[in-house]
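Taken in sequence, the protein lines are chains A and B. Residue numbering for the first sequence follows numbering that gives the first Met the number 0, starting at 0 and increasing by one per position. Residue numbering for the second sequence follows numbering that gives the first Met the number 0, starting at 0 and increasing by one per position.
Calculated directly from the structure, the hints in this document are not laboratory data. Among the hints, a few may not be true.
[What the hints assert, rightly or not] Below 35 Å or equal to it, Euclidean Cα-Cα: the simulated DSBU-like pairs (lysine-lysine) are:
1) A:161 - A:97
2) A:98 - A:25
3) B:65 - B:216
4) B:174 - A:25
5) A:25 - B:126
6) B:68 - B:216
7) A:25 - B:166
8) B:133 - B:65
9) B:68 - B:174
10) B:126 - B:174
11) A:25 - A:161
12) A:97 - B:61
13) B:65 - A:25
14) A:25 - B:61
15) B:65 - B:126
16) B:216 - A:161
17) A:25 - B:68
18) A:25 - B:215
19) B:215 - B:126
20) B:215 - A:161
21) B:215 - B:133
22) A:25 - A:97
23) B:58 - B:174
24) B:68 - B:58
25) B:68 - B:215
26) A:98 - A:161
27) B:58 - B:126
28) B:133 - B:58
[Stated by the list, open to error] Partial list, computed: chain A residues near chain B (C-beta under 7 Å):
29) 8
30) 10
31) 11
32) 15
33) 61
34) 97
35) 110
36) 149
37) 151
For glycine and all other residues, C-beta sits at the position ideal for the given N, C-alpha and C.
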Amino acid sequence: MQTPNTRILAEISVTVALSVILNMIKVYSLPQGGSITLGSMIPLLLLSYRRGVGVGVYAGVVFGLIQMVIEGYIYYPLQIILDYPLAFGCLGLAGLFKKHQIIGTVVALTGRFLAHFISGVVFFAEYAPKEMDPILYSAVYNGSYIVPEMVISCIVIYALMKRNFINLNP
Amino acid sequence: MSLLEGLRFSRGSSPLHDLDPRVKFFMTCILFVAAILFHEFSMLLIIFLSQIPIIIIGKIIKEWLKTLKGGLLLATMIFVTNLVSLYFFRGQQLTLDMLEYSLALTFRFLIMITSFSIFFLTTSPDKLSLALEKAQVPYEFNFAFITSIRFVPVIAEEAQSIMDAQKSRGLELEKGRFLSRIRNYIPILLPLIVNSIRRSLELAEAMESRAFGASKKRTNLYELEMSVLDYLVLGFTLLILIIIVYVRFFMQTFMPMFPPVRIL
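Build the full structure now, drawing on both the sequences and the hints.
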């Protein structure tokens, strides 16, 4: 008999690795350089529904740290924390909406958007001159890849749930 | 394999790679603080140039240039927006010291990128985990971090073979409009998720069979120990810190290199 702790740890590890891989598969490249990935948030969201908020946030933070080591867009201490562990930790919020997965997806990705948005504002405020308004730029830039990502995640999660593909009650 | 391209963790060997991760992190922080403390172009340039020998010792020139390329767009943006706004808000004239100020901000940014790449490019995930453990981070977190990294290449290979298999059955990935493209990717996503669930079960069984979590007190095969070189580097870094603080707070360094001569 497996202890639940070991089982959960194994699930976190594999889920995070899967998310990292999905994040590398680009479905569509946006004109301004950003790209939409193959629903890299889906495994993390499914784990949140299955194991609750705590495990979801945990996995999100681990994912963020690994993304940080791999991608390495490291510019500023506050930006690191906001853009990596915190932004992806927000995905765990999906665990609050176990019965309404679509709402959960929207909430989780909105949380991620907020973290990137604040990071953009804070980070650019450090460099941008006082007269420039960084808020609008940050919102547009981050929205341009989070919204399509949200659409993809909703479609795929809806399809998965409709077919009763994954047991959310372990 | 295009997928595995981004997975190369630094597995090189150099004096910098062998340095204790805690010392290295301290060094990174000092470089970072130095960049924040100064805002004269001359000082920032000196700090930037002093980072280059470290990079050469660490044999990470290629990776570092790649990082710089990634940050180039932002660096240019910082330079241009600062220059343009100074131009318009200081009576529509361009002077040499404006140019210097913008360049200084750009170099501060480059120093920050470099100091963090020095740490992350030369610290393997294993050492990072050991350092985290020494910093009292819970072992479960460490374990999840390290196992995930270990699983990334495995799952990448699997994703690649699933993609190849579906392509050989006639699945077209690079065609169609937005929605049909997403639909085309579903036959790849589903087997990947199913396989991953199976894999997590196997992993849990393997962990159990090796008595994971059975003993409360864990020991490591490799222990982090400070060598003589580590202490030397630590002492040197502390010396640099003292010099930086002295120069910044007890010497008058607020002198621009260029006089405010109008050039445009």
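Each hint tested on the structure:
no. : hint          : in the structure
1   : A:161 - A:97  : holds (14 Å)
2   : A:98 - A:25   : holds (30 Å)
3   : B:65 - B:216  : violated (42 Å)
4   : B:174 - A:25  : holds (13 Å)
5   : A:25 - B:126  : holds (31 Å)
6   : B:68 - B:216  : violated (45 Å)
7   : A:25 - B:166  : holds (16 Å)
8   : B:133 - B:65  : holds (31 Å)
9   : B:68 - B:174  : holds (30 Å)
10  : B:126 - B:174 : violated (43 Å)
11  : A:25 - A:161  : holds (25 Å)
12  : A:97 - B:61   : violated (46 Å)
13  : B:65 - A:25   : holds (20 Å)
14  : A:25 - B:61   : holds (25 Å)
15  : B:65 - B:126  : holds (23 Å)
16  : B:216 - A:161 : violated (46 Å)
17  : A:25 - B:68   : holds (20 Å)
18  : A:25 - B:215  : violated (43 Å)
19  : B:215 - B:126 : holds (22 Å)
20  : B:215 - A:161 : violated (43 Å)
21  : B:215 - B:133 : holds (16 Å)
22  : A:25 - A:97   : holds (28 Å)
23  : B:58 - B:174  : violated (42 Å)
24  : B:68 - B:58   : holds (18 Å)
25  : B:68 - B:215  : violated (46 Å)
26  : A:98 - A:161  : holds (13 Å)
27  : B:58 - B:126  : holds (18 Å)
28  : B:133 - B:58  : holds (27 Å)
29  : 8             : holds (6 Å)
30  : 10            : holds (5 Å)
31  : 11            : holds (5 Å)
32  : 15            : holds (4 Å)
33  : 61            : holds (5 Å)
34  : 97            : violated (18 Å)
35  : 110           : violated (21 Å)
36  : 149           : violated (12 Å)
37  : 151           : holds (6 Å)
Violated hints, in rising order: 3, 6, 10, 12, 16, 18, 20, 23, 25, 34, 35, 36; the structure is consistent with all others.
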